[in-house]
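J.: The lines below spell out each chain.
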Amino acid sequence: MVNVKKLLRDIVEKYPSSAVVMMELPTESYFDVNIATVKFLIDREFEGIYISFHRPFKNILSLFEQHRIDTNKLFFIDTATALSKGTGEENPRCIYISKSVDIDELIGAIYITLPKLKGRGRFIFIDSITTIAIYKPLSESMRFSEFLIRIVRKNEVENVIFNVARDLVQKKFIRDIALRVDKVISVAE
Amino acid sequence: MIDAKKLENELNNIPDGWIVLLETSVENVLEVSLVVMKFMSNNNYTGIVLSASRPYQNLIKLYKQNGIDTEKIFIIDCVSESYGGNLEESNNVQYIESVSALTSISISIDKVIGLIRGGKFLFIDSITTMLIHNEPGVFVRFIHSVMTRLRTREITGIIVSLSETDREIRAEIMQLCDRIINYKP
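Chains as they are written, first to last, in the numbering used here: chain A, 1 to 189; chain B, 1 to 185.
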């Protein structure tokens, strides 16, 4: 995973104050790269919000702990549990989005969590922007991504990272988002 | 003829609760499925088979022929009813009206998971067949929902996909998995 670290180091050096980054990931190693990215940021004393569309909070927490990621520097917004019509165990580090998966609720959860971040840099990490588009109209997915880009521009948070599987980058709304971010980085297989 | 040992080695170190996408070719899919079922049941897991390709009676016959303990198998048969097949009553089968009845399938998976004590896994055979009968977006939502519920309960999932599955759908599903096994003999 040397490639990921190098790519992220270059971004941090090139955009020291803030950046919106889209990462195109190899589909086969998607979650491994997610882990490497979060670990890189946490090891550099960032604190962040991990917005999960893919996996329930409990599962992510256990995997991050296995990879020795300091989860005390992370807050989670779990959308996956709601998308599967499930319920999660309460935890002060996690906000569960309700079953309607409303974008305004998601934005509200981000605003509740942002003041809790105390690191030298703050980030918001979205594990998969394409998954939300499976459940919500494209206009809502776009509204959410526009909100995320806007809060970086307004200095409410320093970094936003969107992850997209390489085989899905040709989707039109992903290309639209790609035009607005500071950097698209492609992670090799 | 597939190399069973090679495949078993891939399956050997999968932690409980992981979701595995097993890609193979149409020529090998049956043999691959049988190796998986035998390996998992030999390791004391009860298999919940979501079958979109073969009816219950045919699967049970194949499992017996291949020395697989059918006491450790529960089949959710999405084929027999829609093709007017014989719906043999048994305590290890549930019949679903069709492969496109995703809500019924989802309810049935939850129910069967609740019935089985001890280690269990869900085996989906195959997403390629299910995709023929379902609108892709709806199907991806279904798979995402099933996977998340498996993860919450720490139940292993093994999903078979043929190599020629649509690239975008494959990517949507693949990014949800913990491991991809691309089996080529």
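Hint data in this document are derived by calculation from the structure and do not stem from the laboratory.
A few of these clues could be false.
Calculated lysine-lysine pairs in the BS3-like style (CA-CA distance at most 27 Å, straight line) [claimed, not checked]: (1) Lys14/A x Lys58/A; (2) Lys99/A x Lys5/A; (3) Lys61/B x Lys184/B; (4) Lys111/B x Lys85/A; (5) Lys99/A x Lys5/B; (6) Lys6/A x Lys99/A; (7) Lys58/A x Lys111/B; (8) Lys116/A x Lys58/A.
To spell it out: a stretch of chain B is covered by chain A in this simulated footprint if at least three of its residues, at any positions, have a beta carbon under 8 Å from a beta carbon of chain A; those stretches are [said to hold, decoys possible]: (9) 52-65; (10) 146-153; (11) 157-163.
Note that the Cβ used here is the ideal one computed from N, Cα and C, for glycine as well.
J.: The structure should be examined with respect to each hint, and the outcome stated for every one.
T.: Checked hints:
no., hint, result
1, Lys14/A x Lys58/A, "violated (35 Å)"
2, Lys99/A x Lys5/A, "violated (36 Å)"
3, Lys61/B x Lys184/B, "holds (26 Å)"
4, Lys111/B x Lys85/A, "holds (15 Å)"
5, Lys99/A x Lys5/B, "violated (44 Å)"
6, Lys6/A x Lys99/A, "violated (38 Å)"
7, Lys58/A x Lys111/B, "holds (22 Å)"
8, Lys116/A x Lys58/A, "holds (20 Å)"
9, 52-65, "violated (count 0)"
10, 146-153, "holds (count 6)"
11, 157-163, "violated (count 0)"
In summary, the numbered hints that this structure violates are 1, 2, 5, 6, 9, 11.
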